[in-house]
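**Q** Following the hints, put chain B in place on chain A, whose structure we already have.
2 protein chains.
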Amino acid sequence: MLFRKAARQDVPSIVQLLANDKLGQLRENYTDPVPDAYFTAFDHINADPNQELIVVENTEKELIGTLQLSFIQYLTYRGGVRAQIEAVRIREDVRGEGIGQKMIEWAIARARERKAHVIQLTTDKQRPDALRFYEKLGFNASHEGMKLHF
Amino acid sequence: MLFRKAARQDVPSIVQLLANDKLGQLRENYTDPVPDAYFTAFDHINADPNQELIVVENTEKELIGTLQLSFIQYLTYRGGVRAQIEAVRIREDVRGEGIGQKMIEWAIARARERKAHVIQLTTDKQRPDALRFYEKLGFNASHEGMKLHF
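So the protein sequences, as listed, match chains A and B.
Residue 3 is where the first sequence starts when you use the working numbering, and the numbers rise one by one after that.
Residue 3 is where the second sequence starts when you use the working numbering, and the numbers rise one by one after that.
Careful, some of the hints might be misleading.
Identical chains blur together in the list; that is why a pair holds if it fits in one copy or across any two.
[Stated by the list, open to error] Calculated lysine to aspartate or glutamate pairs in the EDC-like style (CA-CA distance at most 16 Å, straight line):
(1) K63 with D12
(2) K104 with E59
(3) K127 with E88
(4) K149 with D126
(5) K149 with E107
(6) K149 with E88
(7) K63 with D45
(8) K24 with D126
(9) K149 with E137
(10) K7 with D50
(11) K117 with E54
Hints are computed from structural coordinates only; laboratory data are not their basis.
Excised from the complex, chain A in its bound form:
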């Protein structure tokens, strides 16, 4: 398994991963070619040193996972930086093999490397398995994750 920053040519494969998901299929638009909006979004992410869009490759150089790690500077916690994980997806046929755990452990190590004081995420209450998965990795469900969609 190799972790690396996503390149522009990875965008279609990433979108395919995002769309192949119970909740993701309702909100993504995976077509060939993928809509330009995804490439525009990639360019914004890629130009921002506080954003790391990560892909995971297997030994055949196939893209089997993705996550986005954001580093957000606040005044709180004496001027601390928070790491935030979002958009975690693993290719359907390799789920249940421990890849997710390795991805989150990688993200935790990366957050420590960048001197974040906390790493955080929100997980949909419709994914009870995800809650248990993150708890096993040391996350504490101390907060309510609240959303207002426009």
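**A** This is chain B only, laid out in the frame that chain A set:
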């Protein structure tokens, strides 16, 4: 009430607000002068066009509230931008006057203006009043907010 982006000279007043809080007093360090780490953090926030550290002034130009609004670009939701609210504080002597509601309504309007598709926040489960407050403003506690502190 006036909403504006924070300036460097507001940092001590903002830190005072952050520290004057049940949970905040455990993690902030409000001294005179305030530690340099807060100014360094302010400079990072201020240099980033995706971060808006906001202060609220009353008619006497006193600083009575603060919040930070972050705009985070993702590939998810067809290349959507999320707005995220953090570090909301209101000066103790003016709480219960509807200022918090106006601040969150301001943040919602600002998020729409910047074309975010969702506005989100996490609130500590130790603050049940805050949960009800955000629900009244239209937020849905659809997610678990998970943290791992280093």
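**Q** Look at each hint and say if it fits the structure.
**A** Hint-by-hint comparison with the structure:
1. Proximity of K63 to D12 under the C-alpha cut-off of 16 Å is restricted to the intra-copy arrangement: shortest distance 12 Å within a copy versus 50 Å between copies.
2. Taking identical chains as interchangeable, the C-alpha atoms of K104 and E59 lie at most 16 Å apart only when both belong to the same chain, with a minimum of 12 Å there against 47 Å between chains.
3. Within a single copy, K127 and E88 get their C-alpha atoms as close as 15 Å, which meets the 16 Å cut-off; across copies the closest is 21 Å, which misses it.
4. In the homo-oligomer, the alpha carbons of K149 and D126 lie at most 16 Å apart both inside one protomer (10 Å) and across protomers (14 Å), since each shortest distance falls under that limit.
5. With identical chains, the CA atoms of K149 and E107 are at most 16 Å apart between copies only, with a shortest distance of 14 Å across copies and 26 Å within one.
6. Both within a single protomer and between protomers do K149 and E88 lie at most 16 Å apart by alpha-carbon distance, with minima of 14 Å and 13 Å respectively.
7. In this homomeric assembly, K63 and D45 never come within 16 Å of each other (Cα to Cα): the closest approach is 23 Å inside a single copy and 40 Å across copies.
8. When the C-alpha separation of K24 and D126 is checked against a cutoff of 16 Å, the pair qualifies only within one copy, where the shortest distance is 12 Å, while the shortest distance between copies is 28 Å.
9. Proximity of K149 to E137 under the C-alpha cut-off of 16 Å is restricted to the inter-copy arrangement: shortest distance 10 Å between copies versus 21 Å within a copy.
10. For the identical chains of this complex, K7 and D50 are intra-copy neighbours only, at 12 Å inside a copy versus 21 Å across copies, given an alpha-carbon limit of 16 Å.
11. In this assembly of identical chains, K117 and E54 lie within 16 Å of each other by CA distance solely inside one copy; the values are 15 Å within and 22 Å between copies.
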